[in-house]
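Student: Protein sequence lines correspond, in order, to chains A and B.
This note's numbering numbers the first residue of the first sequence as 1 and each following residue consecutively.
This note's numbering numbers the first residue of the second sequence as 1 and each following residue consecutively.
Hints listed in this document are in silico derivations from the structure and should not be mistaken for laboratory results.
Be aware that one or more of the hints could be misleading.
Here are some, though not all, of the chain A residues that point toward chain B, as calculated from beta-carbon distances under 8 Å [stated by the list, open to error]:
no., residue
1, Pro-40
2, Lys-42
3, Leu-47
4, Leu-48
5, Tyr-76
6, Ala-78
7, Ala-86
8, Leu-89
9, Asn-99
10, Ser-105
11, Lys-112
12, Pro-113
We put the CB at the ideal spot given by N, CA and C, even for glycine.
If you want the building blocks of each chain, they are given just below.
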Amino acid sequence: KQEVTQIPAALSVPEGENLVLNCSFTDSAIYNLQWFRQDPGKGLTSLLLIQSSQREQTSGRLNASLDKSSGRSTLYIAASQPGDSATYLCAVRQVTNFNKFYFGSGTKLNVKP
Amino acid sequence: GAVVSQHPSWVICKSGTSVKIECRSLDFQATTMFWYRQFPKQSLMLMATSNEGSKATYEQGVEKDKFLINHASLTLSTLTVTSAHPEDSSFYICSAASGGPTEAFFGQGTRLTVV
């Protein structure tokens, strides 16, 4: 059974710092991996989607990498801002059932002004 | 991206009553919809998968008689929490997909509080 782990569970950094969030998964037979942002009491906002054949995706200050063979992904946030404060979730979809998401427990990020 | 609307965004109900949550795909036909539950400080856990016109498939440990799912049309799925109890208080989120290896989109979630 696929298990997704995110480290660290929480992170507090001063504004302007570059930071890395980690995600690992146990079954490498994934269809894709997606990073989401969740604000308190809110739904999910999709940030980046990486297909299994891709190594990385970039959007603005965000860069996500994928190493499928080792079961790892990282989300890099450059020049962090207080508005980046939220919980970041990674989720994978399996080749055998691409519509089902397996979520990590998230990293709660706090960017201090 | 496509829009999935979930209603209500929050609801408070008395213990023993039933609550219905709606999930609508506004600009595409969702052949498959998913319902997730999220307890405080925990990640999303899939409760059930529903395909339009057929019975939902429930994940292990989820009571199908308590969490009734209906997916009667390609744009609407409903989750009814029957005889709600305080331990059912949670954040419920739906997602919808149009079938095939396509992206799934998430609703904004419903905060259920049972008192």
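Student: Does Leu-47/A hold up as a contact with chain B if the rule is Cβ-Cβ below 8 Å?
Tutor: Cβ of Leu-47/A sits 12 Å from chain B, so the hint is violated.
Student: Can you verify the interface hint for Lys-112/A: is its Cβ closer than 8 Å to any Cβ in chain B?
Tutor: Interface hint status for Lys-112/A: violated (21 Å vs cutoff 8 Å).
Student: Please verify that hint: Asn-99/A, Cβ, nearest Cβ of chain B, below 8 Å or not.
Tutor: Nearest chain B Cβ about 5 Å off; hint holds.
Student: Tell me if the interface restraint on Pro-40/A is satisfied: Cβ within less than 8 Å of some Cβ in chain B.
Tutor: violated, 10 Å
Student: Under 8 Å, Cβ to Cβ, is where Ser-105/A needs to be relative to chain B, so tell me if that hint holds or is violated.
Tutor: Holds. Min distance 4 Å.
Student: Closer than 8 Å between Cβ atoms is the bar; does Tyr-76/A clear it against chain B? Give me holds or violated.
Tutor: violated, 21 Å
Student: Does the interface hint hold: is Lys-42/A within less than 8 Å of chain B, judged Cβ to Cβ?
Tutor: Where the cut-off is 8 Å and the nearest Cβ of chain B is about 6 Å from Lys-42/A, the hint holds.
Student: Answer holds if the nearest beta-carbon of chain B is closer than 8 Å to that of Ala-86/A; otherwise answer violated.
Tutor: Violated, because the Cβ-Cβ distance from Ala-86/A to chain B comes to roughly 14 Å (cut-off 8 Å).
Student: Can the hint on Leu-48/A be confirmed by a CB-to-CB distance to chain B that is less than 8 Å?
Tutor: The hint is violated - Leu-48/A has no Cβ within 8 Å of chain B, the shortest such distance being about 12 Å.
Student: How about Pro-113/A: closest beta carbon in chain B under 8 Å, or not?
Tutor: violated, 24 Å
Student: Please check whether Leu-89/A passes as an interface residue: C-beta within 8 Å of a C-beta belonging to chain B.
Tutor: For Leu-89/A, the interface hint holds, since the closest Cβ of chain B sits about 7 Å away, which is under 8 Å.
Student: Does Ala-78/A pass the interface check with chain B, least Cβ-Cβ distance below 8 Å?
Tutor: violated, 23 Å
Taken one by one, the earlier hints fail for this structure at numbers 1, 3, 4, 5, 6, 7, 11 and 12, listed in ascending order.
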